[in-house]
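For the protein sequence lines, the chains are X and A, in the order given.
Residue 243 in our numbering sits at position 29 of the first sequence, and the numbers go up by one each step.
Residue 1041 in our numbering sits at position 511 of the second sequence, and the numbers go up by one each step.
Keep in mind that the hints were calculated from the coordinates and are not lab data.
Where a beta carbon is used, it is the ideal one built from N, C-alpha and C, also for glycine.
Mixed in with the good hints there might be a few duds.
[Claimed, not checked] Computed cross-link-like contacts, DSS-like style, restricted to lysine-lysine with a CA-CA straight-line distance of at most 27 Å:
| # | chain 1 | residue 1 | chain 2 | residue 2 |
| --- | --- | --- | --- | --- |
| 1 | X | LYS227 | X | LYS241 |
| 2 | A | LYS876 | A | LYS711 |
| 3 | A | LYS1025 | A | LYS1066 |
| 4 | A | LYS551 | X | LYS327 |
| 5 | A | LYS1058 | X | LYS255 |
| 6 | A | LYS613 | A | LYS674 |
| 7 | X | LYS321 | X | LYS338 |
| 8 | A | LYS1077 | A | LYS1067 |
| 9 | A | LYS918 | X | LYS320 |
| 10 | X | LYS320 | A | LYS551 |
| 11 | A | LYS995 | X | LYS320 |
| 12 | A | LYS551 | X | LYS301 |
| 13 | A | LYS599 | X | LYS242 |
| 14 | A | LYS840 | A | LYS562 |
| 15 | A | LYS1025 | X | LYS377 |
| 16 | A | LYS1107 | A | LYS1066 |
| 17 | A | LYS845 | X | LYS321 |
| 18 | X | LYS365 | A | LYS551 |
| 19 | A | LYS1117 | X | LYS327 |
| 20 | A | LYS781 | X | LYS365 |
| 21 | X | LYS320 | A | LYS1125 |
| 22 | X | LYS321 | A | LYS716 |
| 23 | A | LYS1066 | X | LYS321 |
| 24 | A | LYS1003 | X | LYS320 |
| 25 | A | LYS1003 | X | LYS365 |
| 26 | X | LYS242 | A | LYS1077 |
| 27 | A | LYS781 | X | LYS242 |
| 28 | X | LYS377 | A | LYS1117 |
| 29 | A | LYS1117 | A | LYS918 |
| 30 | X | LYS320 | A | LYS1119 |
| 31 | A | LYS918 | A | LYS791 |
| 32 | A | LYS1025 | A | LYS1067 |
| 33 | A | LYS623 | A | LYS613 |
| 34 | A | LYS1110 | X | LYS320 |
| 35 | X | LYS365 | A | LYS1125 |
| 36 | A | LYS551 | X | LYS321 |
| 37 | A | LYS949 | X | LYS320 |
[What the hints assert, rightly or not] Some chain X residues judged to face chain A by a derived CB distance under 7 Å, without partners named:
| # | residue |
| --- | --- |
| 38 | PRO222 |
| 39 | PHE223 |
| 40 | ASN224 |
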Amino acid sequence: MAKKIDVPFNGTKEQEEKLRAALSDLKKRGDNGLMIAALQKAQDIYGYLPEAVQQIIADELGVSLAEVYGVATFYAQFSLYPKGQYKIGVCLGTACYVKGSGDVYKKLCDTLKIEGGQCTDDLKFSLDATRCIGCCGLAPVMTVNDDVYGKVTPDEIEGILAKYN
Amino acid sequence: MFRSHILVCGGTGCTSGNSMKIYEALVDRIKKEGLENEVHVTKTGCFGLCAYGPIMIVYPEGAFYSQVKLEDVDEIVNEHIIKGRIVTRLLYKETVGEDGSIKALNDTNFYKKQHRVALRNCGVINPEKIEEYIAYDGYEALGKVLTEMTPQDVIDVISKSGLRGRGGAGFPTGRKWQFAKNSPGKKKYVCCNADEGDPGAFMDRSILEGDPHAVIEAMAIAAYAIGSDQGYIYVRAEYPIAVQRLTIAIKQAREYGLLGKNIFNSGFNFDLDIRLGAGAFVCGEETALMTSIEGHRGEPRPRPPFPAVKGLFGKPTILNNVETYANVPQIILKGADWFASMGTEKSRGTKVFALGGKIHNTGLVEIPMGTTMREIIYDIGGGCPNGKKFKAAQTGGPSGGCIPAHLIDTPIDYDNLIKIGSMMGSGGLIVMDEDNCMVDIAKFFLEFTVDESCGKCTACRIGTKRLYEMLCKVTDGTATMEDLDKMEELCYYIKENSLCGLGQTAPNPVLSTLHYFRDEYEAHVRDKRCPAGVCKKLLRYQIVADKCKGCTLCARNCPVGAISGTVKEPHVIDPNKCIKCGVCMEKCKFGAIIKA
Chain X
215 MAKKIDVPFN GTKEQEEKLR AALSDLKKRG DNGLMIAALQ KAQDIYGYLP
265 EAVQQIIADE LGVSLAEVYG VATFYAQFSL YPKGQYKIGV CLGTACYVKG
315 SGDVYKKLCD TLKIEGGQCT DDLKFSLDAT RCIGCCGLAP VMTVNDDVYG
365 KVTPDEIEGI LAKYN
Chain A
531 MFRSHILVCG GTGCTSGNSM KIYEALVDRI KKEGLENEVH VTKTGCFGLC
581 AYGPIMIVYP EGAFYSQVKL EDVDEIVNEH IIKGRIVTRL LYKETVGEDG
631 SIKALNDTNF YKKQHRVALR NCGVINPEKI EEYIAYDGYE ALGKVLTEMT
681 PQDVIDVISK SGLRGRGGAG FPTGRKWQFA KNSPGKKKYV CCNADEGDPG
731 AFMDRSILEG DPHAVIEAMA IAAYAIGSDQ GYIYVRAEYP IAVQRLTIAI
781 KQAREYGLLG KNIFNSGFNF DLDIRLGAGA FVCGEETALM TSIEGHRGEP
831 RPRPPFPAVK GLFGKPTILN NVETYANVPQ IILKGADWFA SMGTEKSRGT
881 KVFALGGKIH NTGLVEIPMG TTMREIIYDI GGGCPNGKKF KAAQTGGPSG
931 GCIPAHLIDT PIDYDNLIKI GSMMGSGGLI VMDEDNCMVD IAKFFLEFTV
981 DESCGKCTAC RIGTKRLYEM LCKVTDGTAT MEDLDKMEEL CYYIKENSLC
1031 GLGQTAPNPV LSTLHYFRDE YEAHVRDKRC PAGVCKKLLR YQIVADKCKG
1081 CTLCARNCPV GAISGTVKEP HVIDPNKCIK CGVCMEKCKF GAIIKA
């Protein structure tokens, strides 16, 4: 479970306008089943899905907050807590796992002193174990935002993190 | 006319290795030399040999450059493109003959035994240009279907070809379409399952990235066969390149009138939408996928009613996997007999496997059904690296099982794999060597299913958790022999009492390893020993006195001060203090620390 970090919600007016515009665009498609797309848009805008944002979606789509929360907590892509400035992902797909990504992951937990799904106190790094990201030829793989590091060994972790400090 | 074509792989594997920067640098350089009318640079889908990425191929010579770096671009342009001298040092070793001549790619071990049907255009055409797909007979099958065949003719051809679902279960595709066609109703849906979630399987992604139009064309054909006008492709949001190429492809198909109203002037209408999955493994299950497209929590629904009768939004629906669709246009063009001539009696055609794990040539391979595991792992895959011994191959992801070394000559098809306790799954094939602990692997998969169980059925939600805990007891060395029997009993209980494929197959990794590697389980339980030296709690780090130089590096790095000894004398590890973090072994420069 993710560590609950008490970050006061500080969404801006522009963000809210953007979200409402995106939601009305979606509604215009007059299609069923928009909830997931709505949450994806909202997470793009805010980076995560705090309660206030879920409430906006519930109101706009005319469903209960409970239903929004139910969908938001079902899918791994959605986060109710903010992520770090640098989002670290370690692939724990089978191909990476048999090549030692578990050790890489553990080393990251130890170095950053957080567990998977958590964020460092300074909101700099967050760590997630990801599903197979499909570059099994580079196993074991870790990602920092859009940078991909292949054939990673635990020794290299400190050097990689240093690039972002 | 171009005098030279440069194909740069734009699949996810190579892109992660910076191939797009290489592509851009090439385009820039070619422009700077004023050669843009002579040399054509294009990005393609996956070549399959991901282990050697980033990959680039230069025609007409067919020079196959592997592990290309950004710095190599200038040399390739200066030497090869301008002076016509191939850069031998960058060539994939297997393509260089003894006399230094270049061998065709199809003659290398990796490609020789392959037969590319679903992947035929991957690494060949530019997936972002519909014209290139059309030049390779694209949309000809759709034209033929709409102008010369009745819907029933289409289903008959697919049935006769023997095509079975490539997503895992192997249900006959023609029969599925027939059910949906026979279901009454005006509104029907055609769906494509691109929520490839099996860890280690990435063939669907490669097809979408390398040949998206093949899937679009096949879905239109399916829609015509069952009488549908709307399709959905459910694709993982974690596959950004696939989503982007698919979006481009759909837009181009609409512009060409190959999607939309009155296609080929036949009165047939069909359009497609993409739905992004949000990361839930259970959504690969057909009813859960439909619930998710409807915008809800992706929980499976009981069957019957089957989707062919009551599927998406309560309407008759067919759902096929990406690879299944990729076969369809060619079956229509080349005929059912052509397709049925490949493979085994009950499993026709070819299958794409994603080779991964402890194997030389990681990547995608497509082979006729009935090829043996040995041919895939040794002839194509090049065996285990570092001279390690092959122990087992895992197929079918978290739903499958481990195939031990003594069954390596089994011809691979749907039925044989089930017979030996595994399953085809979507085609991930992970190779394990002597350094992998089979209990640990079973635990790894169980952890995955515990996480991914949607929670609807108690047997799956709680059962997998309890099973996982029992496996932890084994790897911790606290289990009894009785626990092993209890585990087996629980496995069957979970299988029998779960609604969907996830729960019904979740215990397979445990059952198959218990069956084939019971001795490893027993070593953990009886001797408190992990034969592969993986399970931390059962490990014991030791210093080999003869090799230890007494440099004190290990003692200085040990976080708990468990290592003692004087300078230049052999050191000792206190097993009571040791937390088995392995730092000492990592730091030791003399290989004096071993796992015992």
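Taking the hints in turn, this is what the structure says about them:
no.	hint	in the structure
1	LYS227(X) with LYS241(X)	21 Å, holds
2	LYS876(A) with LYS711(A)	24 Å, holds
3	LYS1025(A) with LYS1066(A)	30 Å, violated
4	LYS551(A) with LYS327(X)	35 Å, violated
5	LYS1058(A) with LYS255(X)	51 Å, violated
6	LYS613(A) with LYS674(A)	46 Å, violated
7	LYS321(X) with LYS338(X)	17 Å, holds
8	LYS1077(A) with LYS1067(A)	25 Å, holds
9	LYS918(A) with LYS320(X)	25 Å, holds
10	LYS320(X) with LYS551(A)	32 Å, violated
11	LYS995(A) with LYS320(X)	22 Å, holds
12	LYS551(A) with LYS301(X)	22 Å, holds
13	LYS599(A) with LYS242(X)	47 Å, violated
14	LYS840(A) with LYS562(A)	59 Å, violated
15	LYS1025(A) with LYS377(X)	48 Å, violated
16	LYS1107(A) with LYS1066(A)	14 Å, holds
17	LYS845(A) with LYS321(X)	50 Å, violated
18	LYS365(X) with LYS551(A)	20 Å, holds
19	LYS1117(A) with LYS327(X)	21 Å, holds
20	LYS781(A) with LYS365(X)	37 Å, violated
21	LYS320(X) with LYS1125(A)	19 Å, holds
22	LYS321(X) with LYS716(A)	57 Å, violated
23	LYS1066(A) with LYS321(X)	15 Å, holds
24	LYS1003(A) with LYS320(X)	20 Å, holds
25	LYS1003(A) with LYS365(X)	31 Å, violated
26	LYS242(X) with LYS1077(A)	73 Å, violated
27	LYS781(A) with LYS242(X)	20 Å, holds
28	LYS377(X) with LYS1117(A)	23 Å, holds
29	LYS1117(A) with LYS918(A)	23 Å, holds
30	LYS320(X) with LYS1119(A)	23 Å, holds
31	LYS918(A) with LYS791(A)	58 Å, violated
32	LYS1025(A) with LYS1067(A)	30 Å, violated
33	LYS623(A) with LYS613(A)	22 Å, holds
34	LYS1110(A) with LYS320(X)	13 Å, holds
35	LYS365(X) with LYS1125(A)	23 Å, holds
36	LYS551(A) with LYS321(X)	30 Å, violated
37	LYS949(A) with LYS320(X)	37 Å, violated
38	PRO222	26 Å, violated
39	PHE223	22 Å, violated
40	ASN224	25 Å, violated
When the structure is compared with the earlier hints, violations turn up for hints 3, 4, 5, 6, 10, 13, 14, 15, 17, 20, 22, 25, 26, 31, 32, 36, 37, 38, 39 and 40 and for no others.
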